[in-house]
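These protein sequence lines are chains A and B, in that order.
First residue of the first sequence: 1163, per our numbering; consecutive thereafter.
First residue of the second sequence: 147, per our numbering; consecutive thereafter.
Please keep in mind that the hints were generated in silico from the structure rather than gathered at the bench.
Computed from a predicted model, the values in this text were never measured in an experiment.
Every residue, glycine too, gets a C-beta built ideally from N, C-alpha and C.
Warning: the hint list may mix true and false statements.
[What the hints assert, rightly or not] Calculated cross-link-like contacts (lysine-lysine; reagent style DSSO-like; alpha-carbon spacing at most 27 Å):
1. A:Lys1301 to A:Lys1241
2. B:Lys466 to A:Lys1306
3. B:Lys433 to A:Lys1301
4. A:Lys1241 to A:Lys1271
5. A:Lys1364 to B:Lys173
6. A:Lys1284 to A:Lys1301
7. B:Lys173 to B:Lys466
8. A:Lys1306 to A:Lys1271
9. A:Lys1288 to A:Lys1271
[To be verified] Ranges between beta-carbon positions, derived for each pair:
10. B:Gly439 to A:Glu1430: 34 to 40 Å
11. B:Ser443 to A:His1475: 24 to 30 Å
12. B:Gly439 to A:Asp1261: 40 to 46 Å
13. A:Asp1261 to B:Ile182: 48 to 54 Å
14. B:Pro289 to A:Asp1261: 46 to 52 Å
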Amino acid sequence: MPEPLLEVRDLKVHFPTEDGLVKAVDGVSFTLQPGETLGVVGESGSGKSVTFLTVMGLVTADQAVIEGEVLFRGQDLLKLPKDEMRNIRGSKISMIFQDPMTSLHPFYKVGYQIAEAIRTHKDVSKREAHDQAVEMLRKVGIPKPEERANQYPHEFSGGMRQRAMIGMALSLNPDMLVADEPTTALDVTVQAQILDLIDRLKDEFNASVVVITHDLGVVAEHCDDIQVMYAGKVVEFGDRRDIYYGPHHPYTWGLLGSISRLDSTSKERLQPIKGLPPSLIFVPPGCAFHPRCPYTFDRCRTEVPQLLPVDGHHASACHLSLADKERILHEQVMVRR
Amino acid sequence: MSVEANERAAAPLWETREPLVRLRGVKKYFPITRGIIFQKRVGNVHAVDGVDLEVYPGETVGLVGETGCGKSTLARVIMRLYDATDGTIEFEGQDITHLSGRALRERRRDMQMIFQDPFASLNPRKTVGSIIGAPYRLHGTVPKNRIKPEVQQLMELVGLSPEHYNRYPHEFSGGQRQRIGVARSLALHPKLIVCDEPVSALDVSVQAQILNLLEDLQDEFNLTYLFIAHDLSVVKHVSDRVAVMYLGKIVEMAPGETLYRDPKHPYTGALLSAVPIADPDLAEHKKRIILEGDVPSPIDPPSGCRFHPRCPNAQLPRCKEEEPVLRPFHPGQIAACHYPLEDRAVIDTGSG
């Protein structure tokens, strides 16, 4: 087994607030291999963004109580001093966000902003940095990059801004790119362009990619491994075939039953998960999903389920026995699809 | 449930009954002006540019398209929130295009709207009870002392607890707020409800709850929906017929199933192929039609077929010069294209 690029061990991020401690991330562990695309799925408040903001060093000990380890090539990022972390962020790991309008500075030209990122990390002249910025804009498929580099963000459409952000994120050839809901604000046709671009550049730059999303379709088409999160914990992990054809957690079943699928032939009713996601201050005891789960029994209310592997790779955190999971999966979940 | 759905599909409504809403050549242009004191018109945004559409009682018509294609503007023109620049809008056979004052207000009882953003569409200073009860006070259809019980009945109907009558919108989650919006729209027993992206701001599991609620209410009150969304899979799920808009025009219209299996307009094909499918195997069988570039400006739309600069099948000079008209293909399907796609052009589901 090759050395993982990123290994997160039992990460906890708790925000103290006036109302109580918000357990945004509560014991998350996973690994990311070089060249892999990991999909992180969950609803709002599941802790998926906070996990990776912490990995990036954008949530720090000033704001939250952070425990656990974030090993990047064996080095614990949580223990690094701020200036060393700043060197890694941007050059080794970089991130793109949901809203490309608010993540580009409206006062500066797009080319200047990309060049600035390059000059922060590399000792190059302004001229060279600008040329490299233009080259990046060309690589991400922006027509007439020389002209576009001298324009302001408001002159770009949403899709182009996201392309520029990707260009900026990849300009220093990072080992890892975190894309936090990269296409949620975009139209489907543009979404397809952007996701294809990320796929293509991932190969070209030989980077690992993490796609954070709530869209199960996006992860099905673009990710190798998928991690399903709920209330600050990973509830299921597996490759995409595990998650789509043999899911083992009731929350994953619920997510798959909630989406309207383009390929369904009957006008069958959706099967939503009842209730609402829990408050992260008062997380239900035992399994956090138990108040919404149709298969709850006594143990679920008291004991927190551990993320246990079914076979070497696929793992789920649920007290149901494997036989029960398989039975429910085949009798009630897969028949609807 | 599904039997009913099949019966609905077997007897196409659009051939047998009088439409509830009929649009003829509806246009909405927004002027672009220069100058502050002496304003001069220098151009128009052609937001909606000649739309013919019929919506029949009891059906759901879906309206899809990218940002800026004019779908929301069209909805607001139908609701008479905007005045149409040209064309006519008929509601139950009555021309409402130029209705005003009391006559318009009376007609509005029959048509209501649900908005995308449940955070922006509810007044944060009013209690839920007064938000849902506002239509009663404005239209005076229910005596004052009956408003509270009526509102509480509505709240129960949409799955809200009637005890929350005196709470404020911020005390509710996004999904519950959308339920408040639904309850408000039902207060006057409308015939038509225009849903403008009703679930796009919600989490997946909550989306499904709202979509099921809308479906139940339709069955119970025989409602007609005009359902606007950019998410093709949601639109296909809820709609009997789907209209695809591009730059202010309807380019294709068909029953959801036909549209998915045999899209005719290349734009529909591109939209379909862009929707990610939550099934890794099926996703691999999908043919991708990736569109280049962005939607052109509606200020100066392309000549001929408006889609020709981005169309993978465009053949010049015909597509550039001659504007295609909507013509029939499969039963219930119309599309405006000179060189339509072949059957099963996007997704070959094979035998399964």
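Right, here's what the structure says about each hint:
Distance restraint check for Lys1301 of chain A and Lys1241 of chain A: the Cα-Cα separation of roughly 35 Å exceeds the 27 Å cut-off, and the hinted pair is therefore not satisfied. A C-alpha spacing of about 24 Å is found between Lys466 of chain B and Lys1306 of chain A, which places the hinted pair at or below 27 Å, so the restraint holds. Restraint check for Lys433 of chain B and Lys1301 of chain A: satisfied, since their Cα atoms lie roughly 24 Å apart, inside the 27 Å limit. Restraint check for Lys1241 of chain A and Lys1271 of chain A: not satisfied, since their Cα atoms lie roughly 35 Å apart, outside the 27 Å limit.
Distance restraint check for Lys1364 of chain A and Lys173 of chain B: the Cα-Cα separation of roughly 45 Å exceeds the 27 Å cut-off, and the hinted pair is therefore not satisfied. Our distance criterion of 27 Å between C-alpha atoms is met by Lys1284 of chain A and Lys1301 of chain A, whose separation comes to about 20 Å. Among the hinted pairs, Lys173 of chain B with Lys466 of chain B is consistent with the structure: their alpha-carbon atoms are about 22 Å apart, no more than 27 Å. For the proposed pair Lys1306 of chain A and Lys1271 of chain A, the alpha carbon gap of about 15 Å is at most 27 Å, so the pair holds.
Distance restraint check for Lys1288 of chain A and Lys1271 of chain A: the Cα-Cα separation of roughly 14 Å lies within the 27 Å cut-off, and the hinted pair is therefore satisfied. Distance hint for Gly439 of chain B and Glu1430 of chain A: a CB-CB separation of about 37 Å, consistent with the stated range 34 to 40 Å. Here the CB-CB span from Ser443 of chain B to His1475 of chain A is close to 49 Å, at odds with the stated 24 to 30 Å. For the hinted restraint 40 to 46 Å between Gly439 of chain B and Asp1261 of chain A, the CB-CB distance of approximately 21 Å leaves it violated.
Hint check: Asp1261 of chain A to Ile182 of chain B, Cβ distance near 32 Å, so the stated range 48 to 54 Å is violated. Between Pro289 of chain B and Asp1261 of chain A the CB atoms are about 48 Å apart, so this pair conforms to the stated range of 46 to 52 Å.
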